[in-house]
Each structure stands twice: as structure tokens, then as C-alpha cells.
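Q: In case you want the letters, here they are:
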Amino acid sequence: MTELRYIRAVNMALADAMEADPTVVLIGEDVSEAGGAFGASRGLRERFGEARVLDTPISEGAIAGMAVGAAMSGLRPVLEIMFMDFTTLVMDAMVNQAAKARFMFGGQASVPMVLRTPHGGGLGAGPQHSQCLEAWFAHVPGLKVVCPSDPASAYGLLRAAIDDPDPVVVIENKALYAMKADVEGTPPVLPIGKAVIRRAGTDATVVAYGAAVRTAIAAADTLAERGVSVEVLDLLSLQPWDEAAVLASLSRTHRLVIVHEAVEAFGIGAEIAARMAQIGFDELDGPIMRVGAPFMPVPFSKGLEDAYLPSAAGVVRAIEKTME
Amino acid sequence: MAIRPPIPDAADPAAPAGGPSREALLALYRKLLTVRRAEERLGTLFSDGEVPGFIHLSIGQEAVSVGIMSALGDADTIASTHRGHGHAIAKGMPLEGFFSELLARDEGLCRGRGGSMHVADMSVGMLGANGIVGAGLSIALGSALAHKTLGRDACAVAFFGDGALAEGLVHECMNLAALWKLPLLFVCENNGWGEFLPTSKQLSFRLADLAATYGIAHRLVDGNDVVAVAAAAEAVVPGIRAGSGPAVLECMTTRVRGHFEGDAQKYRDPDEIEALAARDPLRISAERLAGMGSNDADLSLAAEEVEAAVETALTVARSGRAPDFAAALADVYTGAA
Ligand SMILES: Cc1ncc(C[n+]2csc(CCOP(=O)(O)OP(=O)(O)O)c2C)c(N)n1
Ligand SMILES: [Mg+2]
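Protein chains in written order, with this note's numbering: chain A, 1 to 324; chain B, 1001 to 1337.
Chain A on its own, in the form it takes in the complex (with noise of 0.2 Å):
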């Protein structure tokens, strides 16, 4: 066993995948010489030369057109957006161009790239680099989403998305990066569009991605302190979202809360819920519950972020609505 952090689990990936394949390119805002914002990409000029990780001025909108153009024309590039709060200049590479080019050509062409960027707040960001925005990129057809929780999983799905020939946005949460955990070797690569039990349960599901992972088992220790057995589901991916997974654990608890960081609000758990208000209402025992962010700005203050982001007893109080 050895310990591996969040952050060095994502650099591993990207070292590993530039190794076994040599079209492998980063594109990013010091990326290079300074080996990333968060340190993702550190020492990686050092190995594999500045052809290969690229330091671009500030200009989100042409790179993310760049990483289009030169997926479809033979190199795999990894685009690291610093802040996802960054990606709304992003929106018409990633929207109108790599998530259509395979459809609106006819099959012609396939845009294997991947963009990487951190969401998530609880460091006093504020409202412009905190944001969680992963629901407006699982809107479209033809990205894929996955949001790693630990740093075998974040190891796992970049590999994954470095490896697939469709546009993947792999999103971080800055709160995770120093997090650690014992690994075994190098964490086995994950497949997209499927769900993990990070922990069995009887009584209620949890299905959480991210950080709220963490979350959702905090509140499932408090639970089972009260006798109550709380299921948490890690989705890992979001687009496509493992649906069987959900149903299955639904149809053994007849409970289920989503939990997320991002805005409860038309996010990730509204989708969730509506498809297992179609497909599992006959499995269900209590209403689907939610919880998410308010319906505002991420805040600065350290007491209004803190009471802004989903906390575990929130996780709590909606297990026992549903479970009432």
C-alpha cells in the first residue's frame, strides 16, 4: 500500500497515458513551466519536452478551439481550464464544435480531447472561481462527463478520458486535490458510465458525486450511529450517469437522495430524479429528496460559504424526510 494524493493521482494519469502514447499533449495556462495552477502537470516538461505541455497566453476561447482542431487532426490534447468558472469561454469549442463534430460530419471525425478544471468552492473564492457548472456540459449531446471523488478515481477516469475517442470534461474539486488515500499499485483505469457503492446499505441511497461524496458518507456514519443503513452511491460519471446502478440500489432501499455541491437547481440530481420518478416509481417508499446549493452566488465569507455549501446534516434531514 502506499499513499497517494488526489493531485499527484491526477499527474500520474497524465504521465502515465503521455507515456503509452505520444500524441498525448497538455494545453494550458501554466501548464508547462510552472507545472499547473493546482500542480497537476509538475514536472511533466521536464520528461516529455515543451512540444508536449504547452503554456498558452490567456486566451480559454482559442485553445479550447486549438484542442478541437488538433484532436481531429491526430493529437490527443488535455486541456486544463484553471477554474471552471473559466469555462463559459469555453462554451463554443466545447458545445457547437468538439461535442458535434462526430455527429454533424457524418462519423467522419472523432474529437478525442479531454478538458480538465476544478469546480467547487469552501476556499473563500468567491463567487467567480467556486462555481460547480458540470450540469450545463452534461446537457449536450456529445460530451461525456466524470467527476472523480478520490485519487484512485481520479487516476482511473483521466486515463479513461484521455483513452476515449469523444470529447470528456473531467472535473476536479479543488477541496479534494490534497486529499489522500492508501492505493495499491497504480489505481486500475475506470470506465465511463459507472457507478461505485462507496459504502452497502438497506435503508436509504445517497447517490453523490465529487466532494458530496464525502459528505454523503459523513452522513451516513451519523445514520448509523441511529440504526438507520444508508447506501452510498458514487456516480464518477455523470454523462452518461449509470441509471441501472441508481434503479438497482433504489429497488433495495426504496429511498434515494441526491446529494451535489453544484446549484440544486436544474442540476445533475433534477435529471436523476426525474428518470427514477419515471423508471423506479414503483420501487420508491418516500420522495425523492435533494440537496444541493441555494439558488445563489457562491459567497466569500467563510460563514456564508459555509452555510451555502451542502452540508452532512443537511444529507441527514433529507434521508429522514424521506425515510418519515
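Just so you know, the hints here were simulated from the structure itself, not pulled from any lab data. Even for Gly, the Cβ is constructed at its ideal location relative to N, Cα and C. Among the hints, erroneous ones may be present.
Said to hold, decoys possible - Below 20 Å or equal to it, Euclidean Cα-Cα: the simulated SDA-like pairs (lysine to any residue) are:
(1) Lys194/A with Val1332/B
(2) Lys1148/B with Asp1074/B
(3) Lys1148/B with Ala51/A
(4) Lys1148/B with Gly74/A
(5) Lys1148/B with Asp55/A
(6) Lys1148/B with Pro57/A
(7) Lys194/A with Gly1335/B
(8) Lys1181/B with Arg52/A
(9) Lys321/A with Glu264/A
(10) Lys1148/B with Arg45/A
(11) Lys1148/B with Lys321/A
(12) Lys1181/B with Gly314/A
(13) Lys1181/B with Asp21/A
(14) Lys302/A with Lys321/A
(15) Lys1148/B with Gly314/A
(16) Lys194/A with Leu1210/B
(17) Lys1148/B with Glu264/A
(18) Lys1181/B with Asp55/A
(19) Lys1148/B with Pro22/A
(20) Lys1181/B with Ala51/A
(21) Lys1181/B with Ile58/A
(22) Lys1181/B with Lys321/A
(23) Lys1148/B with Glu50/A
(24) Lys1181/B with Thr222/A
(25) Lys1181/B with Gly1245/B
(26) Lys1148/B with Phe48/A
Claimed, not checked - Which chain B residues stay away from chain A? Per the calculated CB distances, all over 10 Å, these:
(27) Asp1209
(28) Val1316
(29) Gly1335
Following the hints, put chain B with the ligands in place on chain A, whose structure we already have.
A: Below, chain B with the ligands without anything else, positioned relative to chain A:
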């Protein structure tokens, strides 16, 4: 009023002393004619209701497509615009695949999912027309990066209109291409219009000055003279492929039709449109050919052959299948089918 640079005359220093042989020019003329006939036919098909959607014709601008493409090979890539039929055909997209796509057939190169604004043929390096003004610049930028990184002896070409110059992406892409010395040729088709407003009312700068800001060589070209365009492209493409960095060709040209088919151009002075006949790219080439000793029979033979090729492709396209919905749905992601 207008910030339109003068159209260079025939004494443009870009045009090499010799110029193309009569055979070579006849071949270019035939390509011009192919684009023209294909688009004229699309115009009638559109008004007859056989072509759905929006189509933007490049009639009057064919010499830019044909001239630039004459300097390119299959390994070179291009990213195009909403007005991309000429780029596609000149780059080598077969007419059958082209018409089949425009008629929304399963045999279309995009299987009836893209249509006019997304015609593409990856096998000849045509990375797609584009419905988003300016987006093609960044696609070409990425393709140029791939050529450079993978050590290919190839360049990428970004086509864009003068209206696109007001997009911020132009600045980002020119800066990056110059900074990294990417093998990228910027081709601006300056037709004086962006939709229904003269670009003199949209732009406060000249492309020449913008290019100079990035240290990119800029050349003004008579975009209606295929010989001048071809010469300008030939003058810069080998150097670009060899790593000398990007260049800008600003091709002064003429949009004869409306912004899209069905646009009655009420906003335009009829005299202006009438005057365009004197600058018709086909007429300019035909006159050059006549000066080189071609006779009317050469030209009418070319016209007959092109006409026949267009009609044959159209007949094939008309007999094609409608696209299958389930197949389309299964093709959003690779290997999902
Ligand atoms: C991003 C974006 N904005 C606006 C439009 C609508 N539009 C389509 S073509 C066009 C004018 C473009 O002018 P120019 O680049 O000069 O090309 P031209 O039509 O003259 O060939 C506009 C505004 C669009 N398709 N995409
Ligand atoms: Mg224009």
C-alpha cells in the same frame, strides 16, 4: 466612409512573372466553373424547395477557394465558414457526396446531419464548414499545431470573412499562431459585407495593421483573379509548411448574391451589384485564357463537361436514401451503434 483597401491591380508584385501555363489556367477555370455551376444549381434547387435550411452561396468569390487550394495538397487541412461550398469542392470533396449532403441524403458525406453549413470531407483535409462565425480560425489553429507537433510537412488554412474580423477569437488565434510560429495560413475573404451591413460600419481597423501588430506578413490580393490568388498562396505556403510561421492573405472579393439564398438584398444599391459583373472571377479568367490563345471552343467544352458532372452528381444525390433516425441517434458517440 468605407475602410476598404484598394483592390490590387494586375501588376500585383505577388503575381510571378511567368504565371500558369494555358493548361494550368484552363484547369483552374474548370474548377471555378464547377463551384459556380454547383452553386447556381443549388440556388435553383433551394428556390424549388429541394434544398432545406439556409444556404450561403459564394458566387463571385470562387477564385479565392480555387486559387488557395491550387497551392495545397491532401495533407494540408482547411477550416471553413458558413459560406463553405467553394472551399469544400475546391479542396476535393466529390460532387456526389456534396450534393447528397445538401439534399439531406444518407449518402451525403455528413449523412444528412450537417447540410450546407457543415459540409466536410476529412479524407481531403476539409475539416468542415462552420455555422459559427470565427470558429474555424481556432480549428485551423489546432490543426496547425497537430501538423507541427507530429512533424508533418503540411499547413492548415483558416478561411474567414471580413465580418469575422470583429470576433475576439481572431485576435487570440493570430497571437497564438505568431507566438508559436504555427504552420497556419489566414485567408480573409473580404467581400465588404457582414450579413446586411457593410463591414465599413463594423470595423475600425484594417486587417493589414492588425496582422502587423502580431508581426504576421500580410498581403492584399485581388480575390477575383484566380491567378493572383494562386500566386499569392504559392508564394507563402511552402514557407509556412517549412516553419516560417503564419501569413495573412486578404483577398478582396465580391458577394454577388444575398447573404443567404432568399435574401432580396433590398439594403444594397442595385448599381453596386451590377458593377460586380466586371469583376466576375470567371470572366477575368476567361479573358486571361483568351489572351493566351484559348478559343471559345475550349471554354464551352469545359462548360459542357462541368455541367454534365454537376447534373450527374445531382441525379445520383436525388436517388439517395433518407437518413435513418436510429442510426443518427446511435452515432452521437463513437462505437455506441
Ligand atoms: C458567432 C456568430 N455570430 C453571428 C452569426 C450570424 N452570421 C452568420 S454569417 C454572418 C456574417 C459574417 O460575415 P463575414 O464573416 O464577412 O462572412 P460573409 O457572410 O461575408 O461571407 C453573421 C453575422 C453566426 N453564424 N455566428
Ligand atoms: Mg463578408
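Q: Next step is simple, just say for each hint if it's right about the structure.
A: Cross-check of the supplied hints:
no.	hint	in the structure
1	Lys194/A with Val1332/B	holds, 19 Å
2	Lys1148/B with Asp1074/B	holds, 16 Å
3	Lys1148/B with Ala51/A	holds, 9 Å
4	Lys1148/B with Gly74/A	holds, 11 Å
5	Lys1148/B with Asp55/A	holds, 16 Å
6	Lys1148/B with Pro57/A	holds, 18 Å
7	Lys194/A with Gly1335/B	holds, 17 Å
8	Lys1181/B with Arg52/A	holds, 15 Å
9	Lys321/A with Glu264/A	holds, 17 Å
10	Lys1148/B with Arg45/A	holds, 18 Å
11	Lys1148/B with Lys321/A	violated, 59 Å
12	Lys1181/B with Gly314/A	violated, 54 Å
13	Lys1181/B with Asp21/A	violated, 25 Å
14	Lys302/A with Lys321/A	violated, 28 Å
15	Lys1148/B with Gly314/A	violated, 53 Å
16	Lys194/A with Leu1210/B	violated, 50 Å
17	Lys1148/B with Glu264/A	violated, 45 Å
18	Lys1181/B with Asp55/A	holds, 14 Å
19	Lys1148/B with Pro22/A	holds, 14 Å
20	Lys1181/B with Ala51/A	holds, 12 Å
21	Lys1181/B with Ile58/A	holds, 17 Å
22	Lys1181/B with Lys321/A	violated, 61 Å
23	Lys1148/B with Glu50/A	holds, 13 Å
24	Lys1181/B with Thr222/A	violated, 59 Å
25	Lys1181/B with Gly1245/B	holds, 4 Å
26	Lys1148/B with Phe48/A	holds, 16 Å
27	Asp1209	holds, 20 Å
28	Val1316	holds, 17 Å
29	Gly1335	violated, 7 Å
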